[in-house]
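*Asks:* Below, each chain spelled out in residue letters.
4 protein chains.
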Amino acid sequence: MAMVCLSDFEAYAKKYLPKIAWDFFAAGADDCSTRDENIQAYKRIRFRPRMLRDVSMMDIRTKLLGTEISFPVGIAPTGFHQLAWPDGEKSTARAAKAMNTCYIASTYSTCTLEEISAAAPGGLQWFQLYIHRNRAVSQQLVQRAEALGFQGLVLTADLPYTGKRRDDVRNGFRLPPHMKLKNLEGAFEVCKMSLLDPSVTWNDIYWLRSLTHLPIIIKGILTKEDAELAVRHGVQGIIVSNHGGRQLDGGPATIDALVEVAEAVQGRVEVYLDGGIRKGSDVLKALALGAKCVFIGRPALWGLAYKGEEGLQDVLRILQDEFRLSMALAG
Amino acid sequence: MAMVCLSDFEAYAKKYLPKIAWDFFAAGADDCSTRDENIQAYKRIRFRPRMLRDVSMMDIRTKLLGTEISFPVGIAPTGFHQLAWPDGEKSTARAAKAMNTCYIASTYSTCTLEEISAAAPGGLQWFQLYIHRNRAVSQQLVQRAEALGFQGLVLTADLPYTGKRRDDVRNGFRLPPHMKLKNLEGAFEVCKMSLLDPSVTWNDIYWLRSLTHLPIIIKGILTKEDAELAVRHGVQGIIVSNHGGRQLDGGPATIDALVEVAEAVQGRVEVYLDGGIRKGSDVLKALALGAKCVFIGRPALWGLAYKGEEGLQDVLRILQDEFRLSMALAG
Amino acid sequence: MAMVCLSDFEAYAKKYLPKIAWDFFAAGADDCSTRDENIQAYKRIRFRPRMLRDVSMMDIRTKLLGTEISFPVGIAPTGFHQLAWPDGEKSTARAAKAMNTCYIASTYSTCTLEEISAAAPGGLQWFQLYIHRNRAVSQQLVQRAEALGFQGLVLTADLPYTGKRRDDVRNGFRLPPHMKLKNLEGAFEVCKMSLLDPSVTWNDIYWLRSLTHLPIIIKGILTKEDAELAVRHGVQGIIVSNHGGRQLDGGPATIDALVEVAEAVQGRVEVYLDGGIRKGSDVLKALALGAKCVFIGRPALWGLAYKGEEGLQDVLRILQDEFRLSMALAG
Amino acid sequence: MAMVCLSDFEAYAKKYLPKIAWDFFAAGADDCSTRDENIQAYKRIRFRPRMLRDVSMMDIRTKLLGTEISFPVGIAPTGFHQLAWPDGEKSTARAAKAMNTCYIASTYSTCTLEEISAAAPGGLQWFQLYIHRNRAVSQQLVQRAEALGFQGLVLTADLPYTGKRRDDVRNGFRLPPHMKLKNLEGAFEVCKMSLLDPSVTWNDIYWLRSLTHLPIIIKGILTKEDAELAVRHGVQGIIVSNHGGRQLDGGPATIDALVEVAEAVQGRVEVYLDGGIRKGSDVLKALALGAKCVFIGRPALWGLAYKGEEGLQDVLRILQDEFRLSMALAG
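Each protein sequence line maps, in turn, to chains A, B, C and D.
For what it's worth, the UniProt record's numbering labels the leading residue of the first sequence as 1, then goes sequentially.
For what it's worth, the UniProt record's numbering labels the leading residue of the second sequence as 1, then goes sequentially.
For what it's worth, the UniProt record's numbering labels the leading residue of the third sequence as 1, then goes sequentially.
For what it's worth, the UniProt record's numbering labels the leading residue of the fourth sequence as 1, then goes sequentially.
Derived by calculation from the structure, the hints in this document are not laboratory data.
A couple of the hints might just be wrong.
Pairs involving identical chains hold if they fit within one copy or between any two copies, as the list cannot separate such chains.
Said to hold, decoys possible - Taking lysine-lysine pairs in the DSSO-like style, the calculated list, with each CA pair at most 30 Å apart, reads: (1) Lys43 x Lys63; (2) Lys14 x Lys43; (3) Lys14 x Lys97; (4) Lys19 x Lys182; (5) Lys43 x Lys19; (6) Lys43 x Lys224; (7) Lys63 x Lys97; (8) Lys292 x Lys224.
Make a model of the complete structure from these sequences and hints.
*Replies:* Spelled out as C-alpha cells, the structure:
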C-alpha cells in the first residue's frame, strides 16, 4: 500500500489500531459536527490562483516566536501517544526534530517531559498545560518544562470539563494499565481529569506569567472578543482551535474562526491554527487567512501508528511537499 | 447496550415498540420535511464559544411562570403514553416530578387527569387542551384540571384538523381496545378527534380566561404576527411549536421561528419551544435565541418505551448533563 | 396497497406500466435537472402558518376565465394517454368532469377531439395546440375544437423542436402500431413531430386570434419579459411551464419562475402553473405565489395507469383533500 | 449500447481502457474537488429561456482569431492520445478536420507535429507549448509548428510543476515503452516533465513573440488580474482553464472564473474556456457568460477510446446537435 496522502495513513491507523484507541483518537463531541466541519470548511474556500510567476525558488521556512522551523506545520498537543506507538511521545519528539519543526508536548503524555526532552535534544518543543485544581501541580510542571528547555508554554483554554465523546463512553475508555500519565505521577496517587480546574479565568494568565519566563501561547480561541482579551492579557501567541471538535459540538470550524481572530489581532501577537489540516493546500489556505503556522493533531497520530517516528516524518514530508507544490501552483 | 445519548433511546424504541406505535409517535405530516427540518435547523446554528470564564459553579435552574424547575427542559404534551409503557402518563408524571421539572399532560392521555395528578403529588403539571365542538366538554376539563392542582393551561392552536400522517393512514392507526382516552369518557360514548372545533379563534382565549384562574399558555405559534396577537389577548406564555412536524408540512423549524417570535414578544410573556431537541447543546441554542425553557416530545416517549419512568428520568438526566456541559464549554 | 398520496400512484405506475411507456412519461431532457428541480424547489419554500382562524368553512372553488371549477387543480396537456390506460383521453375527460375541473386535451391525444368531447359532455375542456408547418392543419384543429365546445385554446410555446430525452432515444420510443395520433390522421398520411413549425413567433398569436373566438392561453412562459409580451399580444392566460423539464434542461423550476411572471403580469391576465405538483401543500404554495390554478401532468397519468378514470379521480380527490387541509392548517 | 450522450462514452472508456490509462485521463489533483466542481458549477447556472422566437434557421458557426469553425467547440490539448487509441493524435486531427473545428495539439503528443499536421492537411490546428528549462527546445518546437502550418500557439501557464494526482502516484504511471513523447525526442535522451521551467513569467511572452508570427493564446487564466496582465502582454486569446482540475486543487470552476475574466477583458482579446463541458447546454452557458468557444479535453479522449477518429466525431456531433437544440429551446 503506497502512502500517498494523509488519508492513506488514516486508513492504515483505522485498520491496525485497537478499536478503543482508534475511537479515542477519532472521537468528536456529541454528533461530531464540529469535528467534521473542521474539514468541510476548507472545501468551501477557493483559491484565486495566479500564473506566470517565477516559482523556481520558494522559501517555505517560517519562525515561531523567533525560532526558525522548516515549514509552517507543527505537531499539536495530543495525549497518550503510546496508544499509537510503543515509544510514544519520544518518537513524536524525534520526528519533529528530524523535520525541524515544533512539537507541543501534552500534559497528558505517556512519557515524562524529561524523556521527551532527552529524545530530541535541541529540538523546538513547547509544553501544553492544563491547570489543575491543585495549583502546585501546575506550577511544578511549568517549572520542570522551563528547566528542561521547552521554549513555549501552551495554555489550553477550552477544557474546563471534558467534552462528551460518545464512543469513549460506550467503550469505557481508559488507559491500559501499563501506560501512565507520567508527568502527573509525582503529584498524585491517582490522576483524574476531573482534577482540572473549571474556575480558571483570564486572571490566571497573570499567575502563569509570574511562574515562568517562557512565552505563553493560548490555545482554544474562536472569537474576536477572546482574541482581544488574549492580547490584552499579554500572551505571545494564539492557537485558534476547537480541540479537534472534541469539546463543544456546534462551534465553528477553526478555519472559519481564524478569519475573525486574525482580523482582531492585527499582527500584535502570532496566530496559529489547528483542526482539519489534511493536505498541503489546507496549510496554504490557513496561511492566506492569517495563520503564521498550523499544527496537526490526528494526522500525527496516524503517522505514529503507521511506523513511529518514521511514519510521522512521512506525514510531515508529504504535507511539506504538498504545501510547496500548492504555493507554486497558486503563484 | 449503553444508553449514552438520546439517539440510543430512539433506536431502542424503534426496535422494541410495535410498529404501529412507533409509526404513530414518529409520524410527520406528508413528506415529513418540517419534522426533519426541526432537527436539521439546529445543525446550522453555530456557537461562538467563549473561554476562560469561571464555570466551576453553574446554576441551571429556571422558573416557569414563577415556579422553579431544576433545568430548562420539560415534557411536551403528547398523547397515548400507554402505547409506550403500561403505566402510561402516570409514569411520565412520576419521572417529571423526580427530576423536578414540568409535565404538560395531554387531553389525549390514556390516564385520567386524576390519576396523573395523584401519581406525582406536588409535581409541576400543566394541562394541554384541545377545544371541542361541545364547549361544555372543554369547560369541564379545564375546571377538573384546575381543581386537581394543575398550574397552567396550554391551548393547542395548530390542530383545527389533524395533519395527514401517511403511515398512520396506511396502518389504519387507532388505539388498541384496552386503551381509552380516559379524560373524555364521561363526555362521549365515542370520542373522535373530528369533534375538535375548527372554528376556534383568538376570541376563544377570552372564553377560556372566563373559565379559569390558571395562566394560559398558547402552543403552536410560529410567526411574529401571531405572537403579537397572543400577547394582546393576554396569554401568559407562548410555546413555539409546529406539533413536531405532524400538522402542516412545509412550515419553518421551530428553532428558526423562535427568533422572530422572541423578538416580537420582547419579554412581555414567557416564550418556550418544542421540536427537534435531541442534545443538551440544542437546549442551549434555544435559550440563547430567546426561549426560557424547551419541552421534549418524542424523546420522552422513547424514554418511557425503554424503562417507563426510570427510562424517562435517564433521558432527562442525560439532557441535563449535556446541557450543563455545553454551558460550561460555551463559557 | 393503500393509495395514500400521489407517490403511491407513481410507484404503482412505475411497477405496472411497460418500461417504454413509463420511461416516456417520466423522461426529462438531458440530465433531468430541471425536471427534478421542479419538485425540489417546493421544498425550499416555507409557509408562515397562522393560527386560531376560523377554518370551519372553507371555499376552495375557483374560476378559470369565468368558469367555476371545484378546486384549483386541472389536468395539464400530455400526450398518448392510451399508453397508460386503454380508453386513453376519454377516461381522462370523464374523470375531470366527475371532479368538476378543467381538462386540457393535447394535440397528441390518442383519441379524437370528438371522442374526448363526447366522453364528458358539458365538462370544461381546453384544447392544446402545436402549430404545424402546414398551417391549414392547425387551423382545422382549432376550428374543430371550437365547434366541439372546447372553451379555451392553449398554445404551447416551448416546443419548436422536441427536447432530448435520453431514455426515449435509447428505447427507440414510438407509439405502438395500434395507437394513433388520431387528431392528425385526416391531415397527413404520416404525422411526425418534425412537422412542427420552429419559426412560430409572437405574431402568430394574431393569426390564431383571427381563427377563433376562444380565449388563448399561452403555455411555457418562464420570464417576466415573455410574460409582458404575452399580455401585450392579447392572450387571456399564461401557464408558467417548462414542459415538465422535458424541453430545455437547465431552466428554472416553474414555482420559482412563477414569482417573476406573476409580478410582471400584475393581474392583467390569469396566471397558472404546471410542473412538480405532488401534494396539496404544493398547490397552496403556487396559489400563494400568484397562480390562480395549477395543472398536473405526470400524476394524472399515474392515476390513469392505476385504474383509468377512477384512478385519476382518486388522484384528484387526494390532492383536493390535502389542499383543503393545508389551507386550514396554514390559517 | 446506444451512444446517446457524452456520459455513454465516459462509461465505455472506463470499462474498456486499461485502468492505468483511465486513471491518468480521469485524474484530478489531490481530492479532485476542482475537477468535480468544474462540472457541478454548470448545474447551478440556470437559463432564462425565451419563447416564440423564430428558431427555424440558426447559424452556429463561429470564428477563432478569424478562422471559421463549424460550431464553438474545439479539442483542448491533452497528452498521450495513443493511450486511448493506436493512431493517437493523428486520429484526433482527422476527427477535428472532419468536423471542421480546431484541434490544439499538445507538446506531450505521442505523434510528431509533422504526423499530426499531415494527418489533417488544411485543418485548423494550434500548438500547445510548455516552456522547457532549455529554451532552445521550446524555440525549435515553436518554429517547427509555425513551419508546419499550425495557426496558433497556446502557452500553458498553470504547470510550473505537475499537480499531485494520487492515482498516478499509486499506479506509478508512465508511458508504456512503445510510446514516446515524440516531439521531444530530438532534443533529449530522456525527457522528463521536471525539465519544465518553473521560472517562466509574463516577460517570457515577449520572448515567445520574438520567435514567431503566430498568434499567442494563453491557457490557464482564472482571475481578472491575470486576464488584465495577459491583455497587456499582447496575447491574442485567453483560455480560462484549470487544467481539468489536474493542477491546483481548490481553485474555482472554470465556468465561474469565466465571468470575471470576460468582464475584465471587455472584448479586447478572444476568451475561451475548457473544463467540465459535458452537454450542449454547457456550451451555451459558457457562450452566454462570455466565451467565444469552448474546448473539450476528457470527452475527446473518451471518443477516441470508443472508436478512434470516428468515436471522436460522434462526440463532437452529439455536442453539436445538443448545442443547436439548446439554442433553439432557449430562444
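*Asks:* Which earlier hints turn out false for this structure, listed by number in ascending order?
*Replies:* none
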